[in-house]
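Student: Read off the chains here:
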Amino acid sequence: MQAGAPFLLDGACCFQHNNPSHHGCIYVIKSSSFQESNHLSLLNYIIRRLLFMILVLFGVSLLVFSVLMLIPPGMRVAAYVTSEKIPPDQIEAMIKLYGLNDPAPVQYFRWLAKIFRGDLGFSATAEAPVLDGFKRYFPVTLELVLYSTPLIILVGIWLGTVGAIKKDRPADHAIRILAIVGYSLPTFWLGLLLLMFFYGFLGIFPPGTLSVEANEVVFGSGWNRITGLLTIDAIINWRWDIFLDALYHIALPTINLVILDSALIMRLMRSSMLEALGQDYVRTALAKGAPNRVVYQTHVRRNALLPVITISGVLFAGLMAGMVITETIFVRKGIGWWMARAALQLDVPAIMFNVLFLGLIFVGVNLIVDLIYAAIDPRVRLG
Amino acid sequence: MSTEVLTEDMKTQGPSRHPGWSEFVFSMKRLFKNPLTIIGLAIILFFVFLAIFAPILAPPPRAHDPFLMPHKGWQIQPSPPSAENPLGTLPSQYDILYGVIWGTRNAFRIGIAVVAANLLVGLILGSIAGYFGGILDEIVMRIADIFYAIPILVMAMALVVAIGRGLSSVVVVLIILNWPTYTRVVRSEILVVRNMDYILAARASGASHLRILFKHVLPNSIFSAIIVASMNVGVTVLIAAALSFLGLGSDSGYADWGAMVATCRNYIVGPAENRLAYWYLVFIPGFTIALFVLGWNLLGDAVRDVFDPRMRRR
Amino acid sequence: MEKLIETQDLYTDFFTFEGVVKALNGVSVIVNEGETYGLVGESGCGKSVTVRSMMRIVQTPGKIVDGKVVIFFRAEDRSRGIDILRRSETYMTSLRGDSISMIFQEASTSLNPVLSIGFQVGESFNFHRRAQMLEETIKDLNKELSNRVFFLTRGWKVLQKAVFRRELAVLQSYESEIDHVDHELYEIENQNDKESLHRKVLLNRRRDRLREKSFLVEFLKRFPFISYYQRRQAKTVRRHVVKLLRSLGVSNPDRVVDCHPHELSGGMQQRIVIAIALACHPVLLIADEPTSNLDVTIQAQIVDLIKQLKQTIISSVLFITHDLGLVAEICDRASVMYAGDISETAEVREIFHNPLHPYTQGLLRSVPKVEQADKLNTIPGTVPALINPPSGCRFHPRCPSKMDVCPQEKPPLIEHSPGHWVACHLYTDGMK
Amino acid sequence: MKKILVLLMVLAVAATAFAGGKGEEAPAVEEAPKKVVEEKVIKNPDTFIWSSYGTVDSLDPAKAYDNASGGCIYNIYETLMYFKGSSTEELEAQLTTQIPSVANGLITNGGKTYRFPISKGVKFHSGNELTPEVVAYSFKRHLVTDPDGGPMWMVFEPLFGTYGSRDGDGNIVLTMDMLDKAIQVQGDSVVFNLAQSFAPFLSILTYNCVSVIDKDFAIANGDWNGTAADIARVNGPEEGKEPLYEIASGTGPYKLARWDKGNEVVFERFEDYWGPKPAIARAIYRIVEEWSTRKLMLLQGDVDRGRVDPMYFEEMRKEPGLKVYQKNARLANAGINYNMKITSVDNPAIGSGKLDGRGIPADFFSDKDVRLGFTYAFDFETMLREIVKGNGIPAATPICSGLPFFNPQLKGYPFDLKKAEEHLKKAWGGKLWQNGFEFDMLFNTGNEVREQTLKMMAENVTSLNPKFKINVRGVEWATYVDMQRQRLMPVYYIGWGADYPDPHNFAYPYQHSQGLFASRTGYNNPEVDKLIEEGATEADPAKRKAIYYKLQDMWLEDVIGIMLYQPVDDFYFKDWVKGFVFHPMQNDPVMFKQFSKGY
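Residue numbers (the working numbering), protein chains in the order written: chain A, 4 to 386; chain B, 42 to 355; chain C, 323 to 754; chain D, 9 to 607.
It is worth saying that the hints were derived from the structure and are not from the lab. Bear in mind that the values here come from a model prediction, so they are computed numbers and not experimental data. Quick reminder that beta carbons are idealized off the backbone N, C-alpha and C, glycines included. Honestly, I wouldn't trust all of these hints.
Residues on chain D that point at chain B, a partial pick, calculated with CB under 8 Å [to be verified]:
| id | residue |
| --- | --- |
| 1 | Asn117 |
| 2 | Glu297 |
| 3 | Phe321 |
| 4 | Leu380 |
| 5 | Glu456 |
| 6 | Lys463 |
Next up, chain A with everything else stripped away, as it sits in the complex:
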């Protein structure tokens, strides 16, 4: 849900619009000569950003790990304790077995070493080695992301634009209210409402990822699992019934995410459109005899998109947080669902891995965002 995101978003959109990046690693340079080619500088920019990424990830791992070390071993071992019947001295034995009593640095470097050996540890919540768990859960999330993100962006930008163009007309008001309500709704509540109405009352759009029959097919023999993304695999296996079934199950969560997250883009897009509309170059375009359509599409939109792009990285973080709740409610066993459990059961290996993974994605997304930004806005030089 919008946990965190709007914090960043509002901070970003109303006070940092002049700074294209959240990292301050991107410079707006007014260069008077146009001889220089920026390919080289672009390359070393990317390299520097990758190094920076590694640095951040290291920091993240250190931070998260030390936080987890604050938790007493007796609690961390609980991830492995499944029943009340286990006597205390056996718990002690487990603590020793997993070396939870060692000083934090020792544990950290043990963990680090293991990672470099490719052993990410065993996740008690996934009941499998972390990597297996990841392989199992990630496609589910990825699929949802792949379906919802484009929708979120399109809907958000479209409605935002309409709102700006039709400023202070009924449509605008409707959209503004939609947006503000949209991001005031608790993710979980909206999810439950959708579920109650569609699934409980109408008996359609069930939770989960597949219907029982489809499940049999997918897990049965004769189904080759290539991507792990149900819809894609369905097409590869030429099973349109499965494809539809998967869509049928992914529809509700997608709607849920779209309603919630597009609200933010909507808002930002509208305001930045309005800002752009007031600029002098719009006047120039008009004086040139440009029809309104051209003014909006060529002159205004590109400029208006800049701030939207800027925050899309942050939006992604919001989306990930939304996953935790959405997946929990719609019983889609993906990364979000996994993380929620891991966090509740203090499944240290899983938490560490997921946090790092998401951190990686987050930083990566921001890098891409900066590149796109630079591509759209010629004033920006990366380097």
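Please arrange chains B, C and D on chain A, whose structure you already have, making use of the hints.
Tutor: Quick look at chains B, C and D alone, frame taken from chain A:
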């Protein structure tokens, strides 16, 4: 040769108060012309009313622990709205109305506490980073980056589990995890203000850093931070609610909206005769949260429209 | 002398949160064919608003509430003129940048930062000379096809050609029609009886149908990737742009076209803006303080450029400035504006030697002279806020020779001596 | 705005279209069960799907100590013998040809030697033959592996009189010759030599932790190779590192087809199973956490059995199209134990740690009057009626109905606030009453019954005297485990399910000073300890009866805690399911071989 001279010295005869002030007055005027502001305020005031008069509206059965919701018996099956429970009950007969009313206090406690604390931290770190810049800035901001890279909800969950569930720990955790936002805002504002003429002038006239910081820089950058804060109260409550929903807020039976919604998860589908039998469970507590947050967001939105440099005078 | 364009007491308001800003208070200006006309006044007196109103590009929250803007250069009707405020937006777009065009102060902000120079200049051609562009493109393609090409490339070129042909055809039919329809509509505007209203509706419908020209073409032009074929035609446009820039004395234009505004110097930017305006050889060029915030040498260059263009391409220039010196230098006639009113209009020489309006006198007095010894004398008081402007003559609070009639009624613009108009109670017969 | 409306409409249309298109996969909830009934359509007729929420921990018999894992293992592996039908005393042979008894001379040496003739012609899923060596290996292997938190302790107790293969510091004390001495192959049979005679031994041998595994298969997959040198390697494996964690080859009626962790375990019929051929070809244990989902799947017949929690029995009994087996008493019970030796160092649960009204002393409950007071203040009727909703049999002592030597006459203390008050007045020489107290009662979050019960108890006690304060707090499982370990909780809410149907299995943990719960609560009564040890080793039923009756009396006399109830369970099947036989100790899932589908 131009008449700019003439127009210049005309301008100087304008109002000679602090540049921010007249601006502020104007903004306030504008703020209250906006219907959204009024609606938002109305909603918030309504909740304030609930919070203040909770003891009268819903007299607590156990004075020393008013947040514990009253219940008649232990029937786990929730019962629909009736004379004695106007809004129905949660599983094991906790009165929803009572929960809604007393939950208001919790909501405010969380929202205000977290935002205020974050604001403070943000101001301190932000002004240090922004004003002095250099290595300090680097350090603070890189740490902020690290925090941004951590998925907040997950980290919050783990932390709450670690320091023991309950609203107080939710508050603490949110404070720990959210400071970078404010720090950033304050910093970027200060970076803008820092090089303004009157600051330079003050510096030239040999005023001490602290003095400049407190007399000139902060007063001008604190605004936006406060605005962000006002916009974030709602959001904070949302996150807290989400945590409670995931089972990390207070225990069931305590007046906490998120936890109340959580109890309804097993009652989405009603019995055969009426599939929507438990609508009140799902609907009422969640609606309360939504309304509360909506109130703050409406206000925050209006405030932003007014104070946001880009949206001014449109 | 032939009138070229005329505004008849124009009222433009800005609906801001502070209140309604009455920016124009019945402005009447006449620009004759072949002259350079100056509009003088302090910043914020409504010069720019006037010209923007003339082009109907007043941006929100501004709105033209009353008045007429009549043009006389369309062949359609020279005697009566056409009130463009009553014409359709489509008509206006065909007018703007084609027969009337405009250059702005702050060249840096009036260029779109994210679009290349070539594109921004080229747009003018695309809007108003599209047919020509297409024809040339097709001609080029024919030439290329005449000598032997690899068959795939050939296929591609043939395809492009076909599409361009189609577009051209559509465009021509559209233009002929739209003009016709628009004219009819305009005719109807003036007499309004029952069946003409009905016809009006019909015509409007027809125009709308025309507007979405040919679905195929529009689709091909807009759809991502498919629209790639447009590059070919862009090439032609580019050629023209380069030519234009060179003619405006831009050094190595074929590199400049690929630049973005921020890569150019201020003077260069201003040249580009001018280029955009002149692309289609307008009849009237409106120059809105083109030289402000440029350093003096550049200023001179720009001014010379405009002068020389005046001789070559454009028939008339409407030159806006707060710089009396400049007015004296280049204008034939000029009006002095104050707070949304025209206070005085006359030959430039007349204005400088025999200013009638107290404000004009004040202005002239406040210009520093070389041999000046005593301190520079100024007009007391400040420009009034136009939300609630002074009643009657808006200048009266600052007027040295204020009379009790001034606050009461607004002085009409009267022809004091031939060709010298002034709006001041000193000269109305209404002096009691 | 219009556009938005259109969008919504399109969505709605799409939704309905989906619904129409997939009529039989997701029929509108209302008519689903009815339809099935009248048309008599059986969904996936030769597959049996058992849905519940317990996650499978490990498929290694030596590790599995929870219902879900156990249930799966029983379908794959077999033990030497198992219970007949729903009896808890009568055994039937599985991999042995005869059930040892003193009568048939297979139990000798005063009940210290057991001989099991191993049946022939039994095949493992891998095709390997069952031999006495394999059986012996299986037992030794399980003892050697002995994972932490596993059930192997119950085999160590009779064979070696210890409770595990490691001592307190984790050093391995189990040696090869101990094993060879205890478990021997003689001809066609396997012989066990016990440390001392142990009455429940036979019933212990029904537990999944002594399932017979496929020796060659196991060794091929890196399991213990049978030598002393290899013991250290396989002993005490980490979670998920047990050799047989996710692979299996047993003699059971079903073989493991697939374990999609956290989602489902799929079994396929083992065609050359030695016993009668099971009717169901394919059985699935599917994990469905969400109750509403599980419920709907059951109603629509997408699953044949859905686990239902007591709180929903009432509403589910109304649902059409189901076959319900009501009120089956499990061999399990729940109780609240008073902690008489609370760890007092930085323990937030006991406040000030003194009897000053703001806390309680560490030995608060060592005063019998306190215990009696609390016990009398406990309202059995309400709990059974409203919290457990009548799905429990009131229990007086740990030894519950269905166990041998259960004393049906005994009654627990009645709900009587008067008595409670007078006892609390007496407690701590009256200081308790005048100063009052405050402490926390803790439960693991999510366990609603515990939560309600403790809250009710707290409310009753605190209603006696405004100076009494009890905070009922929920803690996460992690915290809960930690607090148990450190013995921090003033009262323990405890649940115990039988490992084997013998009073020893209940008396020991609850009452023996070394037992799981008693040790946690610091209860130590040498006389009781002596009795329990005798009870275990005593062979003569009559004598045992006396012992256990005594123990039950002593429980009530010492008021170690409040025995709450013995859970009774409803089992909900789709009405086409046939052949379910309830067993008081059954796992979840049960053995699939008993089922068939049809009307």
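Student: Hint by hint, say whether it matches the structure.
Tutor: Hints and how they fare:
no.	hint	result
1	Asn117	violated, 53 Å
2	Glu297	violated, 10 Å
3	Phe321	violated, 11 Å
4	Leu380	violated, 24 Å
5	Glu456	holds, 7 Å
6	Lys463	holds, 7 Å
Consistency with the previously given hints fails for numbers 1, 2, 3 and 4, ordered from lowest to highest.
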